[in-house]
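When you get a sec, could you build the whole thing from the sequences and use the hints?
Same order as they appear, the protein sequences are chains A, B and C. With the first letter of the first sequence counted as 1, position 200 gets the number 200 in full-length UniProt numbering; the numbers rise by one all the way through. With the first letter of the second sequence counted as 1, position 275 gets the number 275 in full-length UniProt numbering; the numbers rise by one all the way through. With the first letter of the third sequence counted as 1, position 83 gets the number 83 in full-length UniProt numbering; the numbers rise by one all the way through.
Quick caveat, the hints were computed from the structure, so don't treat them as lab data. Honestly, I wouldn't trust all of these hints.
Note: identical chains are not told apart, hence a pair may lie in one copy or across any two.
[As the list claims (entries may be wrong)] In silico DSS-like links for lysine-lysine, alpha-carbon gap of 30 Å or less:
{"hint": "1", "residue 1": "96", "residue 2": "149"}
{"hint": "2", "residue 1": "315", "residue 2": "3"}
{"hint": "3", "residue 1": "149", "residue 2": "325"}
{"hint": "4", "residue 1": "325", "residue 2": "3"}
{"hint": "5", "residue 1": "3", "residue 2": "342"}
{"hint": "6", "residue 1": "3", "residue 2": "166"}
{"hint": "7", "residue 1": "325", "residue 2": "342"}
{"hint": "8", "residue 1": "149", "residue 2": "120"}
{"hint": "9", "residue 1": "114", "residue 2": "96"}
{"hint": "10", "residue 1": "120", "residue 2": "293"}
{"hint": "11", "residue 1": "165", "residue 2": "149"}
{"hint": "12", "residue 1": "293", "residue 2": "165"}
{"hint": "13", "residue 1": "325", "residue 2": "165"}
Here is what each chain is made of, one letter per residue.
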Amino acid sequence: MAKTNPGRFFEDYAVGQTLHHAVPRTVTNGERALYHALYPARHALYSSDAFAQSCGLSGSPIDDLAAFHVVFGKTVPDVSLNAVANLGYAEGRWLKPVYAGDTLRSVSEVIGLKQNSNGKTGVVYVRTRGLNQRDETVMEYVRWVMVRKRDLDAPAPETVVPELKKVLAPADLVVPEGLDFSSYDFALAGEPHRWDDYAVGETIDHVDGVTVEEAEHMLATRLWQNTAKVHFDLTFRPDGRLIYGGHVISMARALSFNGLANAQMIVGLNGGAHANPCFAGDTIKAWTEVLDKADTTAPGVGALRLRLVATKGGKPFDLRGADGKYLPEVLLDLDYWVLMPK
Amino acid sequence: MAKTNPGRFFEDYAVGQTLHHAVPRTVTNGERALYHALYPARHALYSSDAFAQSCGLSGSPIDDLAAFHVVFGKTVPDVSLNAVANLGYAEGRWLKPVYAGDTLRSVSEVIGLKQNSNGKTGVVYVRTRGLNQRDETVMEYVRWVMVRKRDLDAPAPETVVPELKKVLAPADLVVPEGLDFSSYDFALAGEPHRWDDYAVGETIDHVDGVTVEEAEHMLATRLWQNTAKVHFDLTFRPDGRLIYGGHVISMARALSFNGLANAQMIVGLNGGAHANPCFAGDTIKAWTEVLDKADTTAPGVGALRLRLVATKGGKPFDLRGADGKYLPEVLLDLDYWVLMPK
Amino acid sequence: MAKTNPGRFFEDYAVGQTLHHAVPRTVTNGERALYHALYPARHALYSSDAFAQSCGLSGSPIDDLAAFHVVFGKTVPDVSLNAVANLGYAEGRWLKPVYAGDTLRSVSEVIGLKQNSNGKTGVVYVRTRGLNQRDETVMEYVRWVMVRKRDLDAPAPETVVPELKKVLAPADLVVPEGLDFSSYDFALAGEPHRWDDYAVGETIDHVDGVTVEEAEHMLATRLWQNTAKVHFDLTFRPDGRLIYGGHVISMARALSFNGLANAQMIVGLNGGAHANPCFAGDTIKAWTEVLDKADTTAPGVGALRLRLVATKGGKPFDLRGADGKYLPEVLLDLDYWVLMPK
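This is the structure we're talking about:
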């Protein structure tokens with residue numbers, strides 16, 4: 001027993017600690033193909049080398065969310081093995097596309113700690129960076145989780161709550177080097193709607209749905225080397241095998257192709273809530289609200305800030321009840337920035 | 001809502017229209033491996049680079065049916081999103097092997113239209129071509145589907161029913177450049193039976209069976225970027241989640257290895273009927289009838305015309321009832337040409 | 001029917017026979033990614049090219065067990081299609097790492113035969129070698145299976161029972177050329193425990209569990225081109241679709257990461273028993289007992305002999321009942337050698 005990883009408990013964290021997460025991962029065309037088998041992903045930049053090259057990139061990158069899942073997965077053994085809840089994300093930025101052949105690893109810094117008043121748990125804030133084989137940061141994000149204490153008598157640490165941006169400013173977004181949408185092929189991409197055609201406040205029902213299966217979410221979650229027991233061991237929770245929240249994010253993003261086919265690249269993650277748990281048998285659908293628009297200096301490239309909501313029933317565009325809480329059918333409320341041709 | 005793709009209705013088609021289908025796709029060794037995970041595919045030419053090279057090719061191609069599924073998948077949003085039924089295939093030809101790294105896109109021409117007498121639906125005939133990154137046509141086929149009208153009062157178009165070959169003539173078949181079976185290794189390929197050993201009228205029970213699962217057919221269908229809702233959303237049809245007909249084709253073809261291990265390459269699709277729907281839990285088996293034989297000018301290469309029947313029960317070689325209709329256990333009746341060593 | 005493979009029966013084998021198994025297979029990054037999707041595999045050497053290069057290899061190999069499964073799968077049509085039971089393994093050695101792009105084929109020699117006293121079945125011993133495209137042996141092992149007779153009146157062959165090593169001696173193990181653990185990064189690998197930290201007799205409960213699904217084990221078994229009907233056709237056995245024993249081996253090995261993260265490479269298989277059948281819905285857990293330790297001449301590299309036990313319930317470290325038989329919850333009892341940094 002001594003040799004297995006018990007995970008860190010709340011009192012094991014200190015502000016300023018650096019966690020070098022284990023098990024680097026070389027991502028290849030195999031991961032790329034699996035992403036397309038697991039999600040109805042159709043954004044052309046991630047589907048076709050030729051299309052990506054026509055947009056100024058060297059080839060089709062690994063899906064932005066696949067890169068996120070790999071980076072995130074590495075943090076689980078050190079950050080969330082004893083987590084009670086994943087509370088939030090902020091300041092997520094994609095800094096460099098990840099290509100087949102790249103090797104990713106993750107490093108986190110503990111940037112905040114706050115013991116809960118019940119004395120049994122506390123909130124841990126980490127800023128995680130994903131690095132490639134050249135030690136370039138390919139993405140970064142802040143996540144905070146509620147973690148159990150091992151020893152309820154351990155003293156509470158000094159409370160440090162980091163100041164986090166509610167929303168990334170357009171200037172914070174990094175457009176991949178060379179990206180150029182000035183000769184973008186809308187017909188090949190699948191929809192005619194360009195950045196100019198989207199208005200702040202506009203909502204889009206993405207219409208399509210996928211009923212999720214046990215085998216699929218486990219294949220996905222393992223592929224990201226995410227080790228959280230709840231996603232694999234059906235005997236672990238009385239209510240069933242919990243689906244990794246990232247599986248819902250990827251499914252909803254892929255479904256959003258229908259109406260947002262030109263929202264090619266994800267560059268910012270402002271925030272996100274896994275509003276309710278998802279289990280096999282749920283039929284995931286998605287809708288979007290356009291929250292903001294911004295220009296970029298890259299040729300032909302605009303940015304859209306979107307709310308992506310995944311549901312397992314209910315009506316499109318319903319989000320919260322009269323009590324202000326998420327409706328029980330809402331799975332995900334994600335706030336992110338994408339790049340789109342103007 | 002305006003931004004999502006409602007699909008085309010019958011009155012949206014006109015003879016002579018060209019449909020440039022969206023979302024090109026780079027196929028890689030990832031797709032290759034997934035094909036082998038999804039189907040019990042064992043034809044040596046598609047399993048081993050060394051074997052393919054010994055047959056005069058540059059390496060092991062992507063399975064012919066995988067290429068077909070990718071090309072077909074791209075047409076779904078433009079051709080069959082509002083289809084009531086997939087009525088038939090004809091004049092399908094594989095013109096060039098597809099290799100890992102190739103990028104495929106699809107273009108269709110509307111070649112026929114016929115409104116049904118009920119005034120609610122009509123038949124649309126399209127000739128689809130799959131093109132690679134060098135704009136070479138890698139395959140082509142004709143498909144006709146029954147499509148709903150949006151507006152029942154829309155006038156019926158002039159009826160145009162294309163003349164289609166019932167069967168491709170041997171001269172229509174394209175043998176891949178360089179293909180040479182003159183030093184073919186039958187032991188490595190798995191069976192001793194050569195072209196000479198098959199007789200017209202001969203039937204083969206392929207014996208093996210696979211009970212299909214929801215997760216598998218969805219992984220496959222997504223991999224081909226086929227977006228038809230019926231294959232993914234369990235709430236869409238009262239009788240269950242319909243399995244993509246192409247999944248049945250690939251499963252039956254792979255099962256046919258046992259008895260047809262040397263039927264290496266598919267070069268022609270004369271016709272095909274999805275006789276009954278397939279659902280998860282069905283156990284697919286297959287049998288073959290040899291319909292014709294033809295020589296080719298390539299060294300050591302003969303052609304066989306085969307009927308491949310997939311079933312979910314019943315007895316081998318039973319196809320139609322006394323009423324002339326397909327028996328309820330028949331899933332697929334496919335008429336195709338293969339290349340085999342002489 | 002004459003054209004399908006009925007498999008060999010007991011009287012079809014003769015000591016000294018060489019079986020050239022069919023369908024060579026090129027393994028790629030696609031197979032690599034699928035292995036990581038199918039099993040919670042996290043050993044760093046197989047996950048990261050950069051990590052493998054820091055250990056003196058040219059890149060990250062295909063998982064040792066994936067290589068085993070591919071080699072094993074090819075033997076099924078010739079060895080175990082009419083097998084009643086898989087009785088044992090011995091003298092398994094991994095001789096060269098397999099890399100993406102390598103093409104594997106298998107050759108077996110019949111090294112023993114013994115008809116059972118019931119006259120209906122017999123035991124067949126084969127030594128199987130896996131060869132790459134350069135005709136180098138990448139692995140070898142002995143397997144013996146109980147096979148049905150076709151004709152009960154066929155005369156019994158002379159009994160030949162090969163003398164097999166109960167355990168490979170340390171000198172029998174082949175350390176991959178260039179392997180060097182002298183600057184091994186324990187933090188990146190995921191655990192601090194080195195060879196010196198393991199003691200003979202020590203037991204490790206690997207804690208994590210995976211509830212297995214039908215779709216997953218079929219994807220795996222097909223990927224290895226294993227054609228045994230019992231793994232695919234739900235109608236074949238009254239008790240359900242039997243999971244390929246190799247799926248349990250790979251699942252248990254991957255789960256053993258938690259406590260054996262530095263047991264990087266498998267180099268020897270001393271023996272193994274599939275103690276009880278595994279079906280979808282079973283939750284696989286694993287525990288290990290350290291059986292022996294040995295030094296090697298490679299820099300920083302030690303060897304550990306481990307017993308890996310997979311279970312579907314019960315308590316860790318329980319193996320046999322008072323009657324000396326495996327407990328009903330035990331799925332696998334595997335005896336193997338690994339290489340680990342000192």
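Tested hints:
Neither within a single protomer nor between protomers do residue 96 and residue 149 lie at most 30 Å apart by alpha-carbon distance, with minima of 37 Å and 47 Å respectively. In this assembly of identical chains, residue 315 and residue 3 lie within 30 Å of each other by CA distance solely across copies; the values are 18 Å between and 49 Å within a copy. Taking the shortest alpha-carbon separations for residue 149 and residue 325, only the intra-copy value of 28 Å comes in at or below 30 Å, while the best inter-copy value is 42 Å. With identical chains, the CA atoms of residue 325 and residue 3 are at most 30 Å apart between copies only, with a shortest distance of 29 Å across copies and 42 Å within one.
Taking identical chains as interchangeable, the C-alpha atoms of residue 3 and residue 342 lie at most 30 Å apart only when they sit on different chains, with a minimum of 16 Å there against 55 Å within one chain. With identical chains, the CA atoms of residue 3 and residue 166 are at most 30 Å apart between copies only, with a shortest distance of 28 Å across copies and 41 Å within one. Neither within a single protomer nor between protomers do residue 325 and residue 342 lie at most 30 Å apart by alpha-carbon distance, with minima of 36 Å and 55 Å respectively. For the identical chains of this complex, residue 149 and residue 120 are intra-copy neighbours only, at 6 Å inside a copy versus 62 Å across copies, given an alpha-carbon limit of 30 Å.
For a Cα distance limit of 30 Å, the shortest separation of residue 114 from residue 96 qualifies neither inside one copy, at 32 Å, nor across copies, at 52 Å. For a Cα distance limit of 30 Å, the shortest separation of residue 120 from residue 293 qualifies neither inside one copy, at 43 Å, nor across copies, at 43 Å. In this homomeric assembly, residue 165 and residue 149 come within 30 Å of each other (Cα to Cα) only inside a single copy, at 28 Å, whereas the closest approach across copies is 50 Å. For the identical chains of this complex, residue 293 and residue 165 are intra-copy neighbours only, at 17 Å inside a copy versus 54 Å across copies, given an alpha-carbon limit of 30 Å.
With identical chains, the CA atoms of residue 325 and residue 165 are at most 30 Å apart within one copy only, with a shortest distance of 22 Å there and 62 Å across copies.
Figure legend: structure checked against the earlier numbered hints; hints not met, in rising order: 1, 7, 9 and 10.
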